[in-house]
Amino acid sequence: MLRPRWRKVLADLLENKSRTALVVASIAIGVFAVGMIAGTYLYLLEDMQSTYVGSNPSNIRLITDPFRSDLIDTLGRLDSVQAVEGRRTVKVRALDSEGKWTSLELIAVEDFSQMQINHLLLKTGVSTLADQQVIMESNKKLDRFGAAVGDVLTLELADGTRRSLPVVGTAQDQTGGVNNMVGNVKGYVTFKTLEWLHAPSSYNTLYITVRENANDPAHIQAVSKEIQDKLVKGGRTVYREERYRSDEHPMSSLIQALLGVMFFLGVLVVFLSGSLISNTISALLKLQQRQIGVMKLVGARSKQIIVMYIALILIFGGAALLVSIPLSAQAAYALAAFAGTMIGFTLQGFRVFPLVTTLQIIIALLVPPLAGLLPIFRGARTTVHQAIHSAALSDSSEHKSPIDRLLENIRGLSRPLLISLRNTFRQKGRLALTLFTLTLGGSIFIAVFNVQEALNVKIEQSLKYFLADVNLDLDRDYRVEQIASLVGSIPGVERVEGWQIGSAEILNDDKSVAGNITLFAPPIESDLVEPELLGGRWLQPGDSNAITVNEAYWKDYPDLTPGSTIRLKISGREQDWQVVGIFQYTGAEDYYAFTDYNSLAGATKTVGRSSTYRVVTTSHDPALQREIAVEIDNLLQARGIKVSKVEAGSTTVQTVTDYIGILTAVLLVMAVLTALVGSIGLAGTLGMNVMERTREIGVMRAIGAFNQIIMRLVIVEGLVIGMLSYALSMLLCLPISSLLSNVVSLAIFNAPAQLALTYKGFVIWLLLVVALSVVASMVPARNASRMTIREVLAYE
Amino acid sequence: MEGTPVHSLNEDQVAFWRGNKVGVIYQSFELMPSLSLLDNVMLPMDFCDLYRRGESRERAMELLRQVELQDHALKLPSAISGGQQQRVAIARALANNPPLIIADEPTGSLDSATAEIIVELFEKLVDEGKTVILATHDHSLDDRFTHTLTLDDGIVTEEKHAGSVEEQHA
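Protein chains in written order, with the numbering used here: chain H, 1 to 796; chain U, 1 to 170.
Any given hint could be a false lead.
Short derived list, chain U residues pointing at chain H, Cβ under 10 Å [claimed, not checked]:
no. : residue
1   : L50
2   : N97
3   : L100
Listed below are the simulated BS3-like cross-link pairs for lysine-lysine, each with C-alpha atoms no more than 27 Å apart in a straight line [unchecked claim]:
no. : chain 1 : residue 1 : chain 2 : residue 2
4   : H       : K555      : H       : K192
5   : U       : K75       : U       : K160
6   : H       : K17       : U       : K75
7   : H       : K303      : U       : K124
8   : H       : K286      : U       : K124
9   : H       : K225      : H       : K100
10  : H       : K225      : H       : K17
11  : H       : K464      : H       : K17
These aren't lab readings, by the way, just hints derived from the structure by calculation.
Built from N, CA and C at the ideal position, the CB exists for glycine as well.
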């Protein structure tokens, strides 16, 4: 049998079920968000890292000239090297599920079931890979081929030969990181299969693990340099170098940054629900002032009353926990699994993390009581006298703020509208908290769209250097004149540019290799590059051996200025190049440089020839771009020219934008959660306002206000609050957008973003806040209009 | 009172002392709307640490029986009449067996027949040895008190003991 005081607490909970539901829901949303994100974080930390570490990731990956197994043996004998493996990557084209030719990367491995480095995790099919079979890499992109075990892929080789390759399995690359999301679909084959596909069966990629300090970037770099020096001395060129730590997934810093942002939003939601608690409790205490007086009258001390109301809040928190713990555990698993398919790792099963549950319990049972503490202390201090004599129809006319006076002086509005306006500002503390909640929710909502825009701007920034409508890669160099006149004959093609793309080594003064650089060389008069210069100038006709470099150089060469010279080794020849300008790229750490076609073709002794072409079409709409890409493909194939890739510019953009879209979708979920708590706050506030004014509404009805007028009073009040918060959101979203854009951009591009604004967020939130305000005021408004005069005047 | 310097107690100490020593009854009853009549009567025992599982319930039922409301014990205050609510308020005032009962216009909201029942209840309490202080505008009750003070705008204008009249002029 419960004590009477606890029965009163229970009765208060059940007395107003919609109020209880609103409060529980708002705490639950916050606790859910925190639990979901913390859970996802732990899944990633444990499973992403452990699958990565378990796959024995390579510390160094080098792409170099073709080599045989004797090089692997030689490098394997180095003291600093633990293991070396060689593979070869070949690009072919395969028919995708839509019947279009799509690039496919085939990676030849020595023995699929005995791989030492970068183990693959078999998902379906067999682990023994025979000749003339393929095991496809299992990730999101595989959907493009719709290939499952038992299907047969149709390939077209560089020389036009067609081959059928049965899929015998799918496997996950657990080290891939970002390459799993963008780039080509991959498949694994044997070296025999490679020969059968008319590709050379030598290696071209080295996978190396270091013997010790595999988690020390400096040591890995030193070993890599040692190996590269050895390769260069043997007359080889290193085309690409990648270095990884053994204990940290390449994507983990990005994931952690994103989860950090989301966690921050989750904590924010918790505080927003805290402000709702504070509002609800102070309204409840105000409503029960007389009851508190009576309790004191019959002997209750302040402490007993405080404990009763804190118990009430703890029950709210407990109920929220019951709802949110199982839901957030499920959501964390789903979110982590989604990240797993995107990044390429496998979850080790559903589980509940005690740490996360503890965190949720602490938040749910600590934040709400803290939020309610002030109103409870204030309420419990009420004396019997104050409580029993609290007036029913009150006008606190002695405390008039400037807002009140302003509202009293407004003329020319209808009476009911004026009442709504003044009602809005009657409970200023409550209004402030409601506005705070709704404004934060709204600004984060708007900000998420701005973040997306900022990322898109960032992408466009990088695409400014690649503006072509169709990008065409051939299997080898052809005469530019020949290709230009062939492709130029296609209706809709305005002109064709032959580019050169090459790689070079930057040499230090002592002739050691300082780094690799990718060189782009458009014709000097090309307008397919719209550079954003940070210093110096762009390339001009008349330049020779002049280059512009991206901002990444400044990190390693802070003294670099326009006019400096750098020594490059291209195709085995060393040459000085003059830096004329520095351009803003994405902020990524890789080195890029632009020079003119003639300079690079001169250095590589391929003047007049090119394998990379940029096509400009008469109109730039994506449909025409794709159409022309297909026509170019058909025409060149018919002429016996091997196309390794032809892609509409819009397709390239699409791939990257899709990726950004996923990120923003996840952020948007958080924004919706904050907006939800905001509108729950609004509904709660209006409900409280109506309840407190029960008597007043009765009086209005007694003097002739009919249902519609009373409903409209409440709805207009809701809209006024909604619009006020919207105005504030428009301002607050600016710093939030800037902050979020920077954090996300730093995580993705390793470079801060510029603030970008889009109308989308503003418009959608405007519509949403109007709808939310109306919906949130509907229930209180109906309640108000349903009250009969007798009911409200008897109300106490 | 009874050796306690009430004026020197703080707010909480006063509340605890009042809960034990004074039963207060208002014109507007002031029952807890969300609690049953039985719980309303038990509430003072709970707050004054006199609550005993089972015993308190019996005592509360006994008090409700004294005011003839035992059959309604589990109803909410809103389900009974004003006179019945005032009887519950009296039962609640008696919950901790205080020596002093203070009633502020206890019959002010009631019709005369119901008021009579309430006054009879008070007379019974006086017979049991309790002190009842009652504030009222109802002069028809004048001859039922042992001691009457007449207040006019806060000033005592007349003091009367049963059987004698003393005029006082301020």
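Hint-by-hint comparison with the structure:
Look at U/L50: its Cβ gets to within about 9 Å of chain H, closer than 10 Å, so that hint holds up. About 12 Å separates the beta-carbon of U/N97 from the nearest beta-carbon of chain H, more than 10 Å, and the hint is not met. At a threshold of 10 Å, the smallest CB-CB gap from U/L100 to chain H is about 14 Å, leaving the interface hint violated. For a cut-off of 27 Å, the pair hint linking H/K555 to H/K192 is broken: about 45 Å separates their Cα positions.
Simply put, U/K75 and U/K160 have alpha-carbon atoms about 42 Å apart, too far for the 27 Å limit, and the pair is violated. A threshold of 27 Å between alpha carbons decides the hint, and for H/K17 with U/K75 the separation of about 21 Å falls inside it, so the pair holds. Straight-line distance between C-alpha atoms of H/K303 and U/K124 comes to about 36 Å, which puts the hinted pair past the 27 Å bound. Distance restraint check for H/K286 and U/K124: the Cα-Cα separation of roughly 38 Å exceeds the 27 Å cut-off, and the hinted pair is therefore not satisfied.
Under the criterion of a C-alpha separation no larger than 27 Å, the hint pairing H/K225 with H/K100 is inconsistent with the structure, at around 42 Å. This hinted pair does not check out: H/K225 and H/K17 have alpha carbons roughly 70 Å apart, beyond 27 Å. Of the pairs offered as hints, the one joining H/K464 and H/K17 is violated, with about 58 Å between alpha carbons and a cut-off of 27 Å exceeded.
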